[in-house]
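Quick note, the sequences are listed as chains A and B, same order.
Residue 430 is where the first sequence starts when you use this note's numbering, and the numbers rise one by one after that.
Residue 20 is where the second sequence starts when you use this note's numbering, and the numbers rise one by one after that.
No lab work stands behind these hints: they were computed from the structure.
From the three backbone atoms N, C-alpha and C, an ideal C-beta is built for every residue, glycine too.
Please note: incorrect hints may appear among the correct ones.
[Claimed, not checked] One-sided and incomplete, this derived list gives chain B residues near chain A with beta-carbon spacing under 7 angstroms:
| hint | residue |
| --- | --- |
| 1 | Ala58 |
| 2 | Ala61 |
| 3 | Glu75 |
| 4 | Gly77 |
| 5 | Phe79 |
| 6 | Lys116 |
| 7 | Phe119 |
| 8 | Ala121 |
[To be verified] Which bits of chain A does chain B cover? Going by a derived footprint, with three or more residues having C-beta under 8 angstroms, they are:
| hint | region |
| --- | --- |
| 9 | 472 to 486 |
| 10 | 534 to 540 |
[Unchecked claim] Computed cross-link-like contacts, EDC-like style, restricted to lysine to aspartate or glutamate with a CA-CA straight-line distance of at most 16 angstroms:
| hint | chain 1 | residue 1 | chain 2 | residue 2 |
| --- | --- | --- | --- | --- |
| 11 | B | Lys87 | B | Glu75 |
| 12 | B | Lys100 | B | Glu75 |
| 13 | A | Lys442 | A | Glu513 |
| 14 | B | Lys87 | B | Asp101 |
| 15 | A | Lys442 | A | Glu511 |
| 16 | B | Lys76 | B | Glu60 |
| 17 | B | Lys112 | A | Glu531 |
| 18 | B | Lys116 | A | Glu511 |
| 19 | B | Lys116 | A | Glu482 |
| 20 | B | Lys116 | A | Glu513 |
| 21 | B | Lys100 | B | Glu33 |
| 22 | B | Lys95 | B | Asp71 |
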Amino acid sequence: EAGVTQSPTHLIKTRGQQATLRCSPISGHTSVYWYQQALGLGLQFLLWYDEGEERNRGNFPPRFSGRQFPNYSSELNVNALELEDSALYLCASSLNKRRGNEQFFGPGTRLTVL
Amino acid sequence: GQNIDQPTEMTATEGAIVQINCTYQTSGFNGLFWYQQHAGEAPTFLSYNVLDGLEEKGRFSSFLSRSKGYSYLLLKELQMKDSASYLCAVRDKNDYKLSFGAGTTVTVRA
């Protein structure tokens, strides 16, 4: 069974640009979660999508946004990039909230803002 | 919201036992998870507790006391490959969001 996949593996942008990160969940999983892990810090919850809708977001500014497509894959967009946005962005998927317990993580996208 | 505390670092020798404590404060508890994360890699699931008591899975065990807001992860017969960061995470019953602690870096020495 294929795991959670993310692309790209690495992304280098400059301040003010926009970044798009992609995630494909495990087949059959309808929930997708996005986390930011800055160097030396714990995972910070960004966004949760379930069955195509945004269910919750963490304490991040509106320039962090995303969406979930009909096939349950997801996209995270970060506009007006700032240096402190440099981090590992992790996507996780789980069965829908009514049945799932465990979140499975993808390998992450390392975003570097110069 | 959630407030999750765990020690920053722990060191142990190969073959020994290490216990990583996690305390939490939450407005709505719906399970506690432990993840292992090797440097530069994604977290991998270790254990899940939603009821009080001990869950054992091979060399790893996890304990939960909901009334005390306390959990621990027990790693037995330590191996060098167990050197990693161990993350405690609590799930909110209202929004199913996982809130993570900062992680405990375990170093296993020969």
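Which hints, by number, does the structure contradict?
Hint check: 1, 3, 4, 5, 11, 12, 14, 16, 18, 20 and 22 fail, others pass.
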